[in-house]
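Engineer: With the hints in hand, could you dock these two chains into one complex?
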Amino acid sequence: MIARLAAGLFALALGFPAAANIEIQQVTSPGGVEAWLVEDRSIPFVALEFWFVGGSALDPADRRGATYLMTGLLEEGAGEMDAQGFAAAVEGLAASFEFDASRDAVTVSARMLTQNRDAAADILRAALVEPRFDADAIERVRGQVLSIIEGNARDPNDIAATTFAAMAYGDHPYGSPQEGSAESVAALTRDDLIAVHRSTLTRGRVAVGAAGDISPEDLGVLIDRILGDLPAEAPPRPGPVVNNLAGGVTVVEFPSPQSVAFFGHAGIERDDPDFFAAFVLNQVLGGSGFQSRLMGEVRVNRGLTYGIGSFLSLADLSPALLGQFSSSNELMAEAIEVVRAEWVDLAANGITQEELDAAVRYMTGEYPLRFDGNGTIAGILAAMQSDDMPVDYIVNRNAYVEAVTLEDVQRVAARLLDPEALHFVVVGQPQGLSPGN
Amino acid sequence: MLRRLTLALGLILTPMAALAAGEVEEFFLDNGMQVVVIEDHRAPAVTHMVWYRVGAADEPPGQSGIAHFVEHLMFKATDTMTSGEFSQVVEANGGSDNAFTAQDYTGYFQRVAADRLGLMMQMEADRMRNLRFDPVEVATERSVILEERAQRTDSSAGALFNEQMRAALFLNHPYAIPIIGWRHEMEGLTIEHAQAFYDTWYHPNNAILIVAGDVTPDEVRALALEHYGPIPASDTLPERARPQEPPHIADRRLIYEDARVANPYVSIQMLAPVREPGDQAEAAALVYLAEILGGGQTSLMSRRLQNEEQRSLYAATFYDSTSFDPSSFSLVNVPVPGVSLQEAEADLWRMVDIFLEEGIDTDQFARIQFRIEAGEIYAEDDTAGLARAYGMELTTGLSLADSDSWTDVLATVTPEDVMAAAQRLFDDPSTVTGYLMRPSDPQANTVEVSQ
Numbered sequence: 001m002i003a004r005l006a007a008g009l010f011a012l013a014l015g016f017p018a019a020a021n022i023e024i025q026q027v028t029s030p031g032g033v034e035a036w037l038v039e040d041r042s043i044p045f046v047a048l049e050f051w052f053v054g055g056s057a058l059d060p061a062d063r064r065g066a067t068y069l070m071t072g073l074l075e076e077g078a079g080e081m082d083a084q085g086f087a088a089a090v091e092g093l094a095a096s097f098e099f100d101a102s103r104d105a106v107t108v109s110a111r112m113l114t115q116n117r118d119a120a121a122d123i124l125r126a127a128l129v130e131p132r133f134d135a136d137a138i139e140r141v142r143g144q145v146l147s148i149i150e151g152n153a154r155d156p157n158d159i160a161a162t163t164f165a166a167m168a169y170g171d172h173p174y175g176s177p178q179e180g181s182a183e184s185v186a187a188l189t190r191d192d193l194i195a196v197h198r199s200t201l202t203r204g205r206v207a208v209g210a211a212g213d214i215s216p217e218d219l220g221v222l223i224d225r226i227l228g229d230l231p232a233e234a235p236p237r238p239g240p241v242v243n244n245l246a247g248g249v250t251v252v253e254f255p256s257p258q259s260v261a262f263f264g265h266a267g268i269e270r271d272d273p274d275f276f277a278a279f280v281l282n283q284v285l286g287g288s289g290f291q292s293r294l295m296g297e298v299r300v301n302r303g304l305t306y307g308i309g310s311f312l313s314l315a316d317l318s319p320a321l322l323g324q325f326s327s328s329n330e331l332m333a334e335a336i337e338v339v340r341a342e343w344v345d346l347a348a349n350g351i352t353q354e355e356l357d358a359a360v361r362y363m364t365g366e367y368p369l370r371f372d373g374n375g376t377i378a379g380i381l382a383a384m385q386s387d388d389m390p391v392d393y394i395v396n397r398n399a400y401v402e403a404v405t406l407e408d409v410q411r412v413a414a415r416l417l418d419p420e421a422l423h424f425v426v427v428g429q430p431q432g433l434s435p436g437n
Numbered sequence: 001m002l003r004r005l006t007l008a009l010g011l012i013l014t015p016m017a018a019l020a021a022g023e024v025e026e027f028f029l030d031n032g033m034q035v036v037v038i039e040d041h042r043a044p045a046v047t048h049m050v051w052y053r054v055g056a057a058d059e060p061p062g063q064s065g066i067a068h069f070v071e072h073l074m075f076k077a078t079d080t081m082t083s084g085e086f087s088q089v090v091e092a093n094g095g096s097d098n099a100f101t102a103q104d105y106t107g108y109f110q111r112v113a114a115d116r117l118g119l120m121m122q123m124e125a126d127r128m129r130n131l132r133f134d135p136v137e138v139a140t141e142r143s144v145i146l147e148e149r150a151q152r153t154d155s156s157a158g159a160l161f162n163e164q165m166r167a168a169l170f171l172n173h174p175y176a177i178p179i180i181g182w183r184h185e186m187e188g189l190t191i192e193h194a195q196a197f198y199d200t201w202y203h204p205n206n207a208i209l210i211v212a213g214d215v216t217p218d219e220v221r222a223l224a225l226e227h228y229g230p231i232p233a234s235d236t237l238p239e240r241a242r243p244q245e246p247p248h249i250a251d252r253r254l255i256y257e258d259a260r261v262a263n264p265y266v267s268i269q270m271l272a273p274v275r276e277p278g279d280q281a282e283a284a285a286l287v288y289l290a291e292i293l294g295g296g297q298t299s300l301m302s303r304r305l306q307n308e309e310q311r312s313l314y315a316a317t318f319y320d321s322t323s324f325d326p327s328s329f330s331l332v333n334v335p336v337p338g339v340s341l342q343e344a345e346a347d348l349w350r351m352v353d354i355f356l357e358e359g360i361d362t363d364q365f366a367r368i369q370f371r372i373e374a375g376e377i378y379a380e381d382d383t384a385g386l387a388r389a390y391g392m393e394l395t396t397g398l399s400l401a402d403s404d405s406w407t408d409v410l411a412t413v414t415p416e417d418v419m420a421a422a423q424r425l426f427d428d429p430s431t432v433t434g435y436l437m438r439p440s441d442p443q444a445n446t447v448e449v450s451q
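Quick mapping for you: the protein sequence lines, in order, are chains S and H.
Take the first sequence: its position 426, counted from the start at 1, is 426 in UniProt numbering, and no numbers get skipped.
Take the second sequence: its position 332, counted from the start at 1, is 332 in UniProt numbering, and no numbers get skipped.
No lab work stands behind these hints, which were simulated from the structure alone.
Careful, some of the hints might be misleading.
Computed spacing ranges between beta-carbons, pair by pair [stated by the list, open to error]:
(1) R152/H <-> E34/S: 41 to 49 Å
(2) R350/H <-> N116/S: 32 to 40 Å
(3) S181/S <-> S340/H: 21 to 29 Å
Note that the structure is predicted; figures quoted are calculated from it, not measured.
All residues carry an ideal CB built from backbone N, CA and C; glycine is no exception.
Next comes chain H alone, as it looks inside the complex (with noise of 0.2 Å):
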């Protein structure tokens, strides 16, 4: 039922974990590039990635948005190509084709015909270091950052909320400052930029490929040698040492008033440790923490808020688990109409204070213990998504040994590990509470029609 709520408030989920172990087989060539096979022979299909290790938090201040600018730029001319040829290949070959950015990678990819796997490799070796960047396109290509802008966050409250949640959560690192960017910075993005970036960032040794599908991992390795074999390391790569949160001392509010606001909510973010390499034991048990006390149906919140006091309509725990520096654990709450936001927040922390006093019952930990071990399974049904977290894995500092025992370390974590793990990030965090309302003046909230 709640499925359209979740996109609303604009919180972005993070899948669990890659926990199939299967048939994966890395290997790296001698120019540094990291190369990952997971074979899966149903279809006659691969899907071909390349990740870049750099993303929105590596971007040099001033320049916001920069990262997924060049990710647009990416898909302009070479000195081989002319500009939206290597889509125009992708589909004339039946392919798909598209490209993302997030905080901290930058990634690519195909679909197409198990056969096609050469040619992709050999286009997507060429832009990774023959880009041309045109003064026209790159202002044009301006113009449609900014519509995705105004799409996707300047025409969603929720959107605007999350990025000033997030401007308020972290004090000094990147992650404060949007993927998209901020408009004036957009605005100020040139050639220049783009360039610099591009010949900072882009080369194999910062690069993983992955390839997923009907292939064997012999097959990979002779197409990848000859393609991505020939471009030499950047002996100038920089190390991703971004600035580092101080300790949060005090807790900050904010309230956001947006005359398009539906259904209004509270939510409270604090920092929280992520998956690192070697040491995944922290993370696991607050993956639990999130599904035992917000997660799915049987939570703590959903059974005590939505079911039994019908004092919310969603009400849910959020926790990005996978990422390059530590990041945020969330509690939201939607209450139904009648119930202020004053008193949402109050029932959330009701909420942590009755599931620290009470503690975990064990039936629902058995239940959710084999719904994750039964994850893998599920995961094998989709080698896409296996390809996608493994280069989500990969690019935040973890490594396919940390990547193949999450799913043991999943499954050892024990009710007790994750009350700890609850006393440790609710022994008197500091937080960023927010309020998405609308304004207190309910004027411009009409909708006109005129033909």
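Here chain S stands alone, though its shape is the one from the complex (with noise of 0.2 Å):
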């Protein structure tokens, strides 16, 4: 006890558990697929996470929007079972599947009980190999995703983050978004959900974590009920795109007390040699917490916002150092002052020693924490091997944060940090904000 209490009030000089407390096996399945578990066998069901690696950048060109709406009718009807039937048989084995799309990915989390996890596996299977792509199902979701569409053409947020977007990467998959357009949707034919469906979930490019009470030798079987009748071949993906943006403010009219301001310009690839050292200087930029400099510079000291952040964007074709806040129409000109202010500084002076060691404590000691429930780490294990992470990267993570010195973080400051490229999309009606300053 008292030992305990010792190290509570002498923290700073302990140091932190090394990396988190979890073993990963590598599995691979009968069938040839590929997956790390954690096994953890005190709760008596078993969390899956599947990133078929490719996701919405895989839409051909002018069918953009096909890859989200196949997604969404992943869960409406499935072999012998129509929408209803399907949503029934989950319900009854008390098992949960989301299916998600994103630009890098289609994703798949599914939590199943050990008690019926082979019949919830065949209702899985079925959803991902047979699609049924009814008729009604079609339409009825083509109109959900026309109203998801409708709603992000009047969300501030949405405006902001598409327009950067369009600016930044135009013609590429990047440069809109993956729901599509309402014309794109209601274009869409039953062949193109098929073809997209084809091409996308495949298991030659799909990444898989597992966390929970199974065996590696029950995981391999598994993996292939779901995924073996899955085609081997993935189709090729586009190619990298750089971000175009010039510096400067963008403003997009729109009705509202308050304003939206997306921020960024082009970023730092995971395999850099100066990744780490940009980590941490996002950390102290705008990084997670209250003691970043953007933080402390727009919204404790001036009261500017409620909250502001930046962050490293590892977007798989086109790396981004992004960020976003909002404020009141007449304050969103001196926040944005602020921010480039602190762009300048940094991109000059660096950061100090002090920031350093406190980035660098609270990135180590935060890292073992996340591991913390098996749907969170399964999720994890399935993002790493998709980035081709290596399966001791958990184990040395720290190590690396650790690593980077002053020096290091000066040095990816001035490289990384470009005042003359950063640019602003402001969406609302904010007051002495003149376009292109």
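Structural biologist: Here's what the structure looks like:
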């Protein structure tokens, strides 16, 4: 007891658990699909995560929205089951399946009770391998997608991100919303859905993470039961795209008392030798928590926003350094100047040793706490594989962060932060903000 | 598919319950502070939470938003810590922290490595009584909460509509007032208001400590005694007696028009009973009713209105089971283009009539019952979620025994119970019916781009 208390009081002297105390088993199914497993028998269910890499960026250019609509239809009827039959079957087994699309992957998050795992797996297999794409289901989900597109067109946050992406990426799939446009979605046919289903959901490019109540042997069999009948071949992905956005401000007029700003410029690849230095730099600039420069200057010291942050986007085809915040229309111009000033200062002067130490302490301490449940762990394992990260990354990650020196951060700050390239898309009715300044 | 749309409606989904029985221990300190420990040794981490039995519904009249404002100010200076140092120390210890305010409670939490628990308690105990309000910081932070209101409420047609619906539903109870506060009252909040609210409510005998994670009850007891034990109880703690609702004898209707509305919808809300100490059967039956009538994809409303008739983009029911005072049961219908809001409203009542006439499909009932039971297994995977659920229950008047028996109460609900509860709820209720729609004159809908 006394020892624990002392640890609390002299926290900074003692360091942290070096890594999460989890053990990853690498599994290859009899059918040849690789998976990572964290076996934990304490709760009688398993969480499975499948990432079909490629995602909505695989949409044919003239079929924007096909992958998104297809993904929405996976739970709307499969095999012998129509939409209601499918929903009742999932409900009756108390399983849960979530299907989602992003520009880089179609993801499936599944939870299955140990007591009826095989039956649940058969239903998931049907959804992935034998979706029906019934005409009435297509029309119903198409209507939902159109309503989402309509909603996004009236949401300042969506307008900001969409405008930014269109300016940065143009005709590349990253340049348009994955939901498609009202016109493109209206034109999608059942054959289009069948085509993107065949090209997107393949066992040749799937990352599998599992955590919970299952042995490696049983997991291998289970994976083949679910994925075995999917095609092996995956189509080529689009090439990388350069963020072409020049510095400045773009204002999108929108009736609201508050403006939303989405800002950023090109970022840094995960395999760049300076990636971890950039990772630490971003923590100081606008990382999570209350200690970042942006949070301190824009919120705490001036009260110009409720929250502001920046992040390193590691989208597969174009990394970026991005950020977002909202300010009242009359405060937005001042807030942007504060953000810009931080960019200039960090690019020129870098960070302090105290900032480096605090960021490293936070990042290394927070990391092991993430591995706190089967669902979370399965997701992390699948994401790591989709990014081609080594299995020992979790063990070594904190050492990479701790190895970052002040010199590394100053170097990457000068290289990465470019005030001249920093672009703000502002959606609202900001006062005193001249476009292009 | 519809996860986004649900969020866009601005409705707050209450987690069903704390379903795990598991290893949970409760004890009280001599100063009246309640302590709950939830053990989970899978990761070397703990969630440390302090909940106060005070929320927006306990605010003095005219000071709406003060509970939430004080929550923000709790991160400022104390006698021994500088402003912002709390979060700085948490983050320097590799943890994360935040806080939340609701109608019935205010909570503070940190998630840290298990061996930092003592430090968290030391700081949390410090700010329970030693906060020092500074006029400059109060002014700056008031600007932050006004920005928060602008971001979360004023920028969202759905949130503004929901605020109006609540204000219309509650005739006398402070649940009518938004948690964030009305803007004109937020602008008038002062350092004196904050000090008075803090001095009234922030005491150990009004607090609940919940620790979940890689600890034992003995460890928590020793640390809690050391850090929270010395704080004296307040002998002037007010009773939480809010003005109650008179009988609702008139239907009320409201229309909120906003150019930002993407998908117009209709919402019907009515008062509903909630879980009461030692008496949770009616609420349990209403949980089933909300599921069967408008819960998931197999519910009557989803099956009929979305799938078979294709008249709705989304149709659902919401029931708030865990609340200090009676709360609400809601029906929502987002019609497909071409179906009017009047027709969508009629569709909702048609579904209620069909339900009352046709009764409950026994297969569906069995499936939902099994899923509720299985929820207990999945809930064990998220101990921070369990901690939140206990906190909600204990700050809304329920005991740990009520919490632990909730699963059993749910398991013993019969289809007949659900029908009887539905008859009582829908037997000539007084309702608030709201339309969220675009202005009839479709100006100001244009979006212009300039660079």
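Engineer: It remains to establish, for every hint, whether it holds in the given structure.
Structural biologist: Evaluation of the provided hints:
no.: 1; hint: R152/H <-> E34/S: 41 to 49 Å; result: 43 Å, holds
no.: 2; hint: R350/H <-> N116/S: 32 to 40 Å; result: 36 Å, holds
no.: 3; hint: S181/S <-> S340/H: 21 to 29 Å; result: 26 Å, holds
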